[in-house]
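Sequence lines, in order, name chains A and B. In short: position in the first sequence from 1, add 32, done, that's our numbering. In short: position in the second sequence from 1, add 131, done, that's our numbering.
One should not assume that every hint holds.
Chain A is faced by these chain B residues, among others (derived, beta-carbon under 8 angstroms) [said to hold, decoys possible]:
1. 179
2. 182
3. 206
4. 207
5. 211
6. 215
7. 219
8. 276
9. 295
10. 308
11. 316
12. 317
13. 320
14. 323
Derived from the structure by calculation, the hints contain no laboratory data. Even glycine gets a Cβ: it sits at the ideal position worked out from N, Cα and C.
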Amino acid sequence: MASHLSDRTMTDLLEGEGTPEQRAHLASCAACRSRLDNARAALEAASKVDVPEPPGLYWEALRRNVRRRIAEEPERRTRWGWLAPLAAAAAVVVIVALSVGERPPTPAGVAPTLPAWSALPPVEEDDNLAVVSGFAEEEALVADWEEGRGLAAFVAALSDQESEALTMALRVEQQEGEL
Amino acid sequence: MDAPTSTPALPAVLAADEAPAETGPSPREAERAAIEACKRGEREAFDQLVVRYQREIYRLCYRYVNNHEDANDLAQEVFLRAWRAIGRFRGQSAFSTWLYRIGINACLNFRAARRPPAQELPETIPDPGVGAAERVERAEQARRLREAVGRLPEKQRATLILKIYHDLTHKEVAQVLGSTVGTVKANLFHGLGNLRKLMAEEGE
Chain A
33 MASHLSDRTM
43 TDLLEGEGTP
53 EQRAHLASCA
63 ACRSRLDNAR
73 AALEAASKVD
83 VPEPPGLYWE
93 ALRRNVRRRI
103 AEEPERRTRW
113 GWLAPLAAAA
123 AVVVIVALSV
133 GERPPTPAGV
143 APTLPAWSAL
153 PPVEEDDNLA
163 VVSGFAEEEA
173 LVADWEEGRG
183 LAAFVAALSD
193 QESEALTMAL
203 RVEQQEGEL
Chain B
132 MDAPTSTPAL
142 PAVLAADEAP
152 AETGPSPREA
162 ERAAIEACKR
172 GEREAFDQLV
182 VRYQREIYRL
192 CYRYVNNHED
202 ANDLAQEVFL
212 RAWRAIGRFR
222 GQSAFSTWLY
232 RIGINACLNF
242 RAARRPPAQE
252 LPETIPDPGV
262 GAAERVERAE
272 QARRLREAVG
282 RLPEKQRATL
292 ILKIYHDLTH
302 KEVAQVLGST
312 VGTVKANLFH
322 GLGNLRKLMA
332 EEGE
């Protein structure tokens, strides 16, 4: 007699499939028939056992609880969501940059006073930039550099009087040929 | 009472998907739209998926823990995990298959924690045609059989539950369990044989 049928083949036979050869083996092999009968009996018994139905209002309660727990979850980030922190940081930088040099509202009828540093030439045309950079030794400016604000922030933070004093000093030094 | 209910198994739900819709998107299209909305973070869309699969997931969990309280906790956990992971769902399998996989993993984790069983849900719909003594006897048989299923090795139990009670195809079971169709068939038959032995040991 050929070897017994495999579990896989027995499942096929249990489900009404299998080849004619396999069915022929089953007809002639009491051991395989017994295994199949046992499996069929177990399947029949197991199929009758259902899960007790929960109370009618249960499903709404389940959905409510799932909704509540999902609401407690952090916001989902989309594919580009990782850019959000960078975008927020960039927005802060722009806002700070725009707010630098901001002055209180000018009374009506009075010509607005330009900030002192607005008289300075562009950086690439400023022959005095080396001197201004020398001020970096000043403690306040060092702090500015260390905090990443740099030269522009230092100049922007000067009052009108300080700007005039700086301009005068630069002119004097230029006249004395030190530049 | 453990008489089979008329609750449609998953394939019936899927079969309904194929029926032509008179108006609006088909259930399957609606499911796809809900999944995409969930990926965009729209929490309300997930409710549709919960409505659709809550019964199947609850019943799957109940099969593992054999009591309502734990099945309820587990079902919530399954949906929460699905929400967290839905961004990674690529549609390479059916959503139901993916959800069942999360469910099986959650159930296995729960069993690994070995929590003591909570009180079982009382049977709610007694069959008026059956006497009290017979009802008690049937309930007892059902309890014994559920416990016997619970004593099967993990893969055999998962295979039996998905195949018999959720009516998944061999291929779907293989996808859920990360296995092959051949292994699923072997586990099913082996599991049924073991179940028969366990039932005999407990006096059936």
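How the hints compare with the structure:
The restraint placing residue 179 of chain B at the interface with chain A is violated, with a minimum CB-CB distance near 10 angstroms, outside the 8 angstroms limit. Look at residue 182 of chain B: its Cβ gets to within about 7 angstroms of chain A, closer than 8 angstroms, so that hint holds up. The beta carbon of residue 206 of chain B is positioned within 8 angstroms of a beta carbon in chain A (closest approach about 6 angstroms), and the interface hint is therefore held. For residue 207 of chain B, the shortest C-beta to C-beta distance to chain A is roughly 5 angstroms, which falls under 8 angstroms, so the interface hint holds.
Given hint, residue 211 of chain B at the interface with chain A, holds; its Cβ is 5 angstroms from that chain's nearest Cβ, closer than 8 angstroms. This hint holds: residue 215 of chain B has a C-beta 7 angstroms from the nearest C-beta of chain A, less than the 8 angstroms allowed. Checking residue 219 of chain B against chain A by beta carbon gives a least distance of about 11 angstroms; that is not within 8 angstroms, so the hint is violated. Nearest Cβ of chain A to the Cβ of residue 276 of chain B: about 5 angstroms, under the 8 angstroms cut. The hint holds.
With 8 angstroms as the threshold, the beta carbon of residue 295 of chain B comes within range of chain A, its nearest partner Cβ sitting at about 5 angstroms, so the hint holds. With its C-beta approaching chain A no nearer than about 15 angstroms, residue 308 of chain B sits outside the 8 angstroms limit, and its interface hint is violated. The closest approach between the C-beta of residue 316 of chain B and any C-beta of chain A is roughly 4 angstroms, which is under the 8 angstroms cut-off, so the hint is satisfied. With a least beta-carbon distance of about 4 angstroms to chain A, the hint placing residue 317 of chain B at the interface is held under the 8 angstroms criterion.
Because the beta carbon of residue 320 of chain B sits about 4 angstroms from the nearest beta carbon in chain A, less than 8 angstroms, this interface hint is met. Using the Cβ-Cβ criterion of 8 angstroms, the hint placing residue 323 of chain B at the interface with chain A is satisfied: the shortest such distance is roughly 4 angstroms.
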